[in-house]
Amino acid sequence: MSTVLDNLVNRPYQHGFRTEIEAETAPKGLNEETIRLISTKKNEPEWLLEFRLKAYRHWLTMEEPKWPNVKYPKIDFQDIIYYSAPKPKKLKSMDEVDPELLRTFEKLGVPMNERAALAGVAVDVIFDSVSVATTYKKKLADVGIIFCSISEAVRDHPELVRKYMGSVVPPGDNYYAALNSAVFTDGSFCFIPKGVKCPMELSTYFRINTESSGQFERTLIIAEEGASVSYLEGCTAPKFDSNQLHAAVVELVALDNARIKYSTVQNWYAGDEKGVGGIYNFVTKRGLCRGVNSHISWTQVETGSAITWKYPSCVLLGDNSVGEFYSVALTNHHQQADTGTKMVHIGRNTKSTIVSKGISAGQSNNSYRGLVRIGPKAEGARNYSQCDSMLIGSKCGANTFPYIQVQNATAKVEHEATTSKIGEDQLFYFQSRGIGNEEAVSMIINGFCKDVFQQLPMEFAVEATKLLGLKLEGSVG
Amino acid sequence: MLNPNGKVLLEVRGLTATVAGVEILKGIDLTVRAGEIHAIMGPNGSGKSTFAKALAGHPAYEVAKGEVRFEGRNLFDMSAEDRARAGLFLGFQYPVEIPGVSNSGFMRLAYNTVQSARGRDELDPLEFDDFVREKMKMLEIDPSFLERSVNEGFSGGEKKRNEILQMAILEPRLAILDETDSGLDIDALRVVAGGVNRLLTPDNACVLVTHYQRLLNYIVPDYVHVMEGGRIIKTGDKSLALELESRGYDWVVDEYKARVKVSA
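Heads up: the protein sequence lines correspond to chains R and D, in order.
Here the numbering used here is used: the first residue of the first sequence is 1, the next is one more, and so on.
Here the numbering used here is used: the first residue of the second sequence is 1001, the next is one more, and so on.
Derived by calculation from the structure, the hints in this document are not laboratory data.
Hints may contain errors.
[To be verified] Computed cross-link-like contacts, SDA-like style, restricted to lysine to any residue with a CA-CA straight-line distance of at most 25 Å: (1) K421(R) to S1155(D); (2) K466(R) to N174(R); (3) K450(R) to D425(R); (4) K42(R) to N31(R); (5) K421(R) to E1255(D); (6) K450(R) to P1095(D); (7) K450(R) to I1186(D); (8) K450(R) to G1100(D); (9) K450(R) to A1086(D).
These figures come from a predicted structure and were not determined experimentally.
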């Protein structure tokens, strides 16, 4: 990393920093100038620039983690563009959209008027997003909920952002979190005030601003005392992005008696069948149960990305707080996933539940990695973990890496794990009842994932079911 | 219900089949007409189950030679699921467990798939529930079967009843029941056999693969075939089953060998 510093120090001032501000896109590469440019472009307060610079300086001293069970070529961080103004949508009409994508929309049952938006066609004519968004926003404002982009939050509610950002995932937490803290461009902000139960599911899909969230997304959700919210991230429709590296940070804060439910369906481009291309998804997601009786629940359905490296975690600080993690991770072709959770029990009588379902097909590799830590003061803490793997075909792999650290003798920790395989005999049984292989696999997989799908909001669950079937199309028989 | 003028449902001519390169079926001939009940008996390893699975289209069994027509169609041009949709049913000797998949959901999908392939109306979940409960009542099956995962944790007898329930729902033209009697106590046997009898009509037919004569006290066959070494070596009526029960299989094998010697 010292060469980066050298470059920075020795680089002549040739590009003309001032004119760069007017430009739409920053030059490739990462240095303090890039960070200052981002901050200036976004009209950020001084403290946020300091936050970014501190994170960047820390990042320079860190090394990329080597422990995940994934393989990929070394990332050149100087070959990435870190700031780019929102670009207009590229496609002019649905005729220009990849027919394969349209077929997928068809199968998923994505409503007609939403297909264009998802496919990246300029939609202002067809899709009246403004009116939908406005109604939505007003309804939330009536009960005092703030739901906006993180940039808007920095502008309109700086005291809240300053108070909570980095309080769960500190800027120097890990390599990618540090990188994100230095260069994040946008993301979501959500604040549920004391005693308010959010009247609807909050979805990024309806997150008012049209700016693309970019590759370094930052999300911050705060539920004050007695508040509750259910937040949906992502979409079952495939998401294409020219940026290969994605390093997001998501922070959740739950105060006394607050409840946050965070659901994700991730279907980013996974590369082609030979494993070429595809997104690297290196995410840090963590929730802090700060108050007593607080409750944070993560539900994720991960089906996309070439590489997934993600551990939505809960820090159970408040007494009697509860953390949950429900996950389905599906890998096919050459995808690699190293995903799981961390449950850190600090307060007394804290409880956590982990249900992880890994499905591997093709030549993919799927690892569960989970940590359950019971601290010395966590009297009466309890954890239940269940990690099941299912293999489809004989060229894929599944691994389970559970880490359990218990420092309090009153704690109870249970771990169960199973591995199963969709076999010829199971499929033949379906066939002999008139059911073809693809439907059979879909039904077996949905049965396998039932415990997780039950946690998803109703509509999401239906879509997720279809999505898994679609992702496995052609992998059997 | 012997009916020489009944419609031919299944016609097997010179069928040979291999498993992992080993020839198990060595030339089978069999004709099954509507309204008939056939029993295929024979010692362990004679190829009975292989015959049943090869007809249903199990991928592990490779058909080498011969021809099989099912209601006039070449069976080997059809995928396993198409055979089921066309009305061929295999009752499994060892029904497979499918954890997490509810029995009712499984049966409804099977029913609707088969119905739509036959150009008939599908049923929505509520209609199907009424439909399946009626069948269950007829077959004396506990309603708790519906909520349980397919065959998961079922006793041997429960699994066999579940097979007969599926048969009742799919209304096959030809049911091949592979050792449906094995593992059943006498009460369960009576119930299962009673169910099969209720499902048989002059328009459909049944092939029972069995070791024991016992089942044939309840489901009375029109023909009894003895299989040995991958061939049907003797065919008779229901009295043959009784004779096999008292004398064993050796004499049939000896008779067959003598016959082959003479003709050679």
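Verification of the supplied hints:
As the CA atoms of K421(R) and S1155(D) are separated by approximately 22 Å, the hinted pair is consistent with the 25 Å bound. Restraint check for K466(R) and N174(R): the C-alpha separation of about 35 Å exceeds 25 Å, so the hint is violated. Our distance criterion of 25 Å between C-alpha atoms is met by K450(R) and D425(R), whose separation comes to about 22 Å. About 17 Å separates the Cα atoms of K42(R) and N31(R), which keeps this hinted pair within 25 Å; it holds.
The straight-line distance between the Cα atoms of K421(R) and E1255(D) is roughly 47 Å, outside the 25 Å bound, and the hint therefore fails. For the suggested pair K450(R) and P1095(D), the alpha carbons sit about 22 Å apart, so the restraint of at most 25 Å is met. Restraint check: the Cα-Cα separation between K450(R) and I1186(D) comes to about 38 Å, which exceeds 25 Å; the hinted pair is violated. For the given pair, K450(R) sits about 7 Å from G1100(D) by alpha-carbon distance, which is consistent with the 25 Å threshold.
Our distance criterion of 25 Å between C-alpha atoms is broken by K450(R) and A1086(D), whose separation comes to about 32 Å.
When each numbered hint is compared with the structure, violations occur for hints 2, 5, 7 and 9.
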